[in-house]
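> Can you make the complete structure from the sequences, with help from the hints?
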Amino acid sequence: MKLFEVPTPNSYPESVAVGPGGAIWFTEKQGNKIGRLAPDGQLNEFFIPTQDSRPQDIVLGPDGNLWFTENRGNKIGRISPAGEIAEFPLSEPASYPFGIVMGFDGALWFTLSGTNRIGRITVDGQVTEFGLGKTLTPYGITAGPDGNLWFTGFNSNTIGRITPTGQVSEFPLPTLDSAPQNIVAGPDGSLWFTEAAVDGVGRITTDGKVTELALPSCLPGSPSEDGRPSRCTSTKSPYGIASSKDALWVTQHCGGRLSRLTPDGHFSEVGLDGLRAPNGIVVDQDDTVWFALARSNGIGRHRPKNDGK
Numbered sequence: 001m002k003l004f005e006v007p008t009p010n011s012y013p014e015s016v017a018v019g020p021g022g023a024i025w026f027t028e029k030q031g032n033k034i035g036r037l038a039p040d041g042q043l044n045e046f047f048i049p050t051q052d053s054r055p056q057d058i059v060l061g062p063d064g065n066l067w068f069t070e071n072r073g074n075k076i077g078r079i080s081p082a083g084e085i086a087e088f089p090l091s092e093p094a095s096y097p098f099g100i101v102m103g104f105d106g107a108l109w110f111t112l113s114g115t116n117r118i119g120r121i122t123v124d125g126q127v128t129e130f131g132l133g134k135t136l137t138p139y140g141i142t143a144g145p146d147g148n149l150w151f152t153g154f155n156s157n158t159i160g161r162i163t164p165t166g167q168v169s170e171f172p173l174p175t176l177d178s179a180p181q182n183i184v185a186g187p188d189g190s191l192w193f194t195e196a197a198v199d200g201v202g203r204i205t206t207d208g209k210v211t212e213l214a215l216p217s218c219l220p221g222s223p224s225e226d227g228r229p230s231r232c233t234s235t236k237s238p239y240g241i242a243s244s245k246d247a248l249w250v251t252q253h254c255g256g257r258l259s260r261l262t263p264d265g266h267f268s269e270v271g272l273d274g275l276r277a278p279n280g281i282v283v284d285q286d287d288t289v290w291f292a293l294a295r296s297n298g299i300g301r302h303r304p305k306n307d308g309k
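With my numbering applied, the sequence shown covers 1 to 309.
Hint data in this document are derived by calculation from the structure and do not stem from the laboratory. Please note that the accuracy of each hint is not assured.
Listed next, with one range per pair, are the computed distances between beta-carbon atoms [what the hints assert, rightly or not]:
hint : residue 1 : residue 2 : range
1    : Glu-84    : Asp-177   : 40 to 50 Å
2    : Pro-81    : Val-127   : 38 to 48 Å
3    : Val-127   : Thr-262   : 35 to 45 Å
4    : Thr-128   : Gly-274   : 39 to 49 Å
5    : Gln-42    : Gly-166   : 16 to 26 Å
6    : Gly-64    : Gly-147   : 20 to 30 Å
7    : Ser-91    : Asp-287   : 37 to 47 Å
8    : Pro-216   : Gly-106   : 22 to 32 Å
9    : Val-127   : Asp-207   : 27 to 37 Å
10   : Phe-88    : Gly-166   : 14 to 24 Å
11   : Pro-145   : Pro-93    : 29 to 39 Å
12   : Glu-84    : Leu-176   : 42 to 52 Å
13   : Val-127   : Glu-84    : 31 to 41 Å
14   : Pro-7     : Gly-189   : 13 to 23 Å
Below, computed lysine to any residue pairings styled on SDA-like, alpha-carbon distance capped at 20 Å [unchecked claim]:
hint : residue 1 : residue 2
15   : Lys-134   : Ala-107
16   : Lys-305   : Met-1
17   : Lys-305   : Leu-3
18   : Lys-209   : Asp-264
Beta carbons are placed, not taken as given, at the ideal position from N, Cα and C, and that holds for glycine.
Take a look at the structure:
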């Protein structure tokens with residue numbers, strides 16, 4: 001386990017993505033920057049032009065640039081490998097974009113929790129938005145193996161599916177008020193998602209069959225800034241989720257651990273040596289696990305093959 005510290009204090013690293021050349025790119029939610037961690041460990045930061053934009057999610061686009069959501073800035077951002085940033089405003093105020101993913105159509109798809117829409121932006125900046133009808137409060141989003149986009153309905157307790165032409169379906173979750181957050185396509189051809197409010201991970205097949213799994217028994221959470229027990233001491237708060245070649249990796253934002261989950265439902269856990277508040281997570285082509293550490297102000301690295309740094 002290794003920590004790469006972000007130079008900007010209290011930057012609150014939120015999400016991570018693998019970029020060209022194996023560099024790790026990440027959003028600094030409170031630092032209002034995009035960070036880049038090179039394979040040699042050099043870390044660079046790039047200011048976002050819009051003040052207090054609250055960058056949320058980030059993903060590699062088909063054009064070789066990184067694309068990110070500006071939750072408070074109400075824009076979609078693009079940053080080149082050289083650090084040049086462009087911003088694309090959204091049509092409605094207070095759209096609150098959250099998740100973003102590359103679709104199979106060569107465009108970027110994103111959630112708009114404030115306006116209850118799913119957005120699509122082409123690499124030249126053309127934006128289209130699709131209304132969801134019911135208030136689903138979309139949060140995380142991923143591209144499914146069926147060619148559709150799948151997203152979590154945070155407040156509606158549903159998983160949603162939208163076709164590239166904008167047709168929407170919704171699938172209610174068995175556990176009430178589970179707060180589904182992030183979602184990813186798994187190695188088994190299903191979609192996997194975190195259930196933050198009930199310490200669970202869910203699985204949905206492309207035909208809509210849902211199963212839910214509980215994380216292993218809770219462990220004490222990390223202490224708060226002032227040393228008192230945090231509000232997380234009774235929950236692990238699973239947040240980020242990423243897929244490797246044969247498993248899923250989940251961050252326990254409040255539990256201070258990583259969970260590894262095989263498609264057949266076997267859990268194992270990895271301690272973070274005191275590192276705090278893991279958020280977004282990604283697995284690179286070498287099966288190295290990278291994750292944002294909001295309260296440790298850095299990027300974590302875990303190499304499962306040899307358990308080394």
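> Output the indices of the hints that this structure fails to meet, ascending.
Hints 2, 5, 8, 13, 14 and 15 not satisfied by this model.
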